[in-house]
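The hints should help you fit chain B onto chain A, whose structure is shown.
Those protein sequences? They're chains A and B, same order as listed.
Take the first sequence: its letter number 134 is residue 134 in the working numbering, and every next letter is one higher.
Take the second sequence: its letter number 167 is residue 1167 in the working numbering, and every next letter is one higher.
What the hints contain is simulated information worked out from the structure, not anything from laboratory work.
A quick note: this is a predicted structure, and the numbers were derived from the prediction, not measured.
Careful: at least some of the hints might be erroneous.
[Unchecked claim] Among the chain B residues that face chain A by a calculated CB cut under 8 Å, a handful are:
| # | residue |
| --- | --- |
| 1 | L1006 |
| 2 | E1011 |
| 3 | L1025 |
| 4 | E1032 |
| 5 | F1039 |
| 6 | F1105 |
| 7 | L1115 |
| 8 | F1152 |
Where is the CB? At the ideal position from N, CA and C, for every residue including glycine.
Next come the chains, spelled out residue by residue.
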Amino acid sequence: MKCIDKNILLDYLNDVLSSRKKKHIASHLSECGHCRRELEKWKKILDITQEFVDQDVKLNPVPPHAHITQRFSKLPQNDESSFWVRYWVKPAIATASLIFIALMVFFFAPKTVPELTENYYVIDNVTYTETISLEDRYLDNLETLYLQEIYENEELTYDILYGDWQNYEEVLNDLDHDELEELINKMYDNEIT
Amino acid sequence: MDSIRLNQLIEENYQKIFLLALKMLKNYEDAEDATQDIFLKVYENIKSFRKEAKFTTWIYRIALNHIYYMNNKRNKEISRFPEAHEMRTEMNANPSSVLHEKELFVSLENVINLLSPRQKEVFVMRYYNQLPFKKIAQILGKSLGTVKSNYFFAMQKIKNDLQNQNLLEFQE
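If we strip away everything but chain A, and leave its shape as in the complex, we get (with noise of 0.2 Å):
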């Protein structure tokens, strides 16, 4: 198996590994002599480093500070203001102040209309395809533009005006209900397309 790295073994040393980990290397430990005498130098050397710091610490002993200390005793309270302000008054405050600016935002806000898709007309016309909004504008620009093709197309104005499609509503007007049936049923059977 391979060694552990030196510094895991610090790690472990200073306990700051996973369990997962501690106990990984335990097992190992417990089979490597070599990892096993390194880690006892590790912990010689910590030992001897922490001896040395708690006689350094006692060797050097803190200067006389009371006068340095004593300035944030005579600090005053960062919050001095009585009960009702803190707990009452100021939460007041805030909420109506909030209220205030949620009203604020509503009436003052740019209003925008929510874009629907109900509100858009696409024309298909072979050629292109447009999608407009529909707005009073734009409808009478539709509408316009429709006229004037119907205007300029003579065949089609002819067909509208004059155009099998009459014919076919008085006969469908004249028609009793069992020969309606009678019609739709040939429709679906493709008779008539």
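Positioned in the frame of chain A, the structure of chain B alone reads:
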């Protein structure tokens, strides 16, 4: 933060910051002055500080900034007047190097003084200030990995130095 809790925090941290300054500046008097200045800065800025959870992190950042500032200032003075500095260091010799009786400890003191500033700050915060690695990383604004590797190299230097001087007896 109420004044009792604040006093407690200041008292708790005064010694730690002093030790940090002492080890970084390697001079008792300089460390004493630096710690006073650091806590005066803390006092001046305490009103702008609100979150108690990060209070120690905040103090340590102020401390390290000030310590590095003082170190730079001192280095400039040394390069200008090297003789005056020599006289001063003789007068204010670090008491601990004189006081440590064991040869091993004198040697340790020397090797710690020779660590790079980045390694030393991590070492001091770990051993003298007893801070966990995560907190050290937070104070220095570095990743946990960087802090741990600084610590590892510092310990490696100490180990090598003590081994080279045959000051350690390992049972082989």
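Status of each hint after checking the structure:
At a threshold of 8 Å, the smallest CB-CB gap from B/L1006 to chain A is about 6 Å, leaving the interface hint in force. For B/E1011, the suggested interface contact is upheld, since its CB lies about 6 Å from the closest CB of chain A, less than 8 Å. A distance limit of 8 Å between C-beta atoms decides the matter here; for B/L1025 the minimum to chain A is near 12 Å, and the interface restraint is violated. Annotation: interface hint on B/E1032 holds; nearest CB of chain A at approximately 4 Å, less than 8 Å.
A cut of 8 Å between beta carbons decides the hint on B/F1039: the least distance to chain A is about 5 Å, and the hint holds. Given the 8 Å rule on beta carbons, the hint for B/F1105 holds: about 5 Å separates it from the nearest Cβ of chain A. Checking B/L1115 against chain A: minimum C-beta separation of about 12 Å lies over 8 Å; hint violated. Taken as an interface hint, B/F1152 checks out: its beta carbon lies about 4 Å from the nearest beta carbon of chain A, inside 8 Å.
Consistency with the previously given hints fails for numbers 3 and 7, ordered from lowest to highest.
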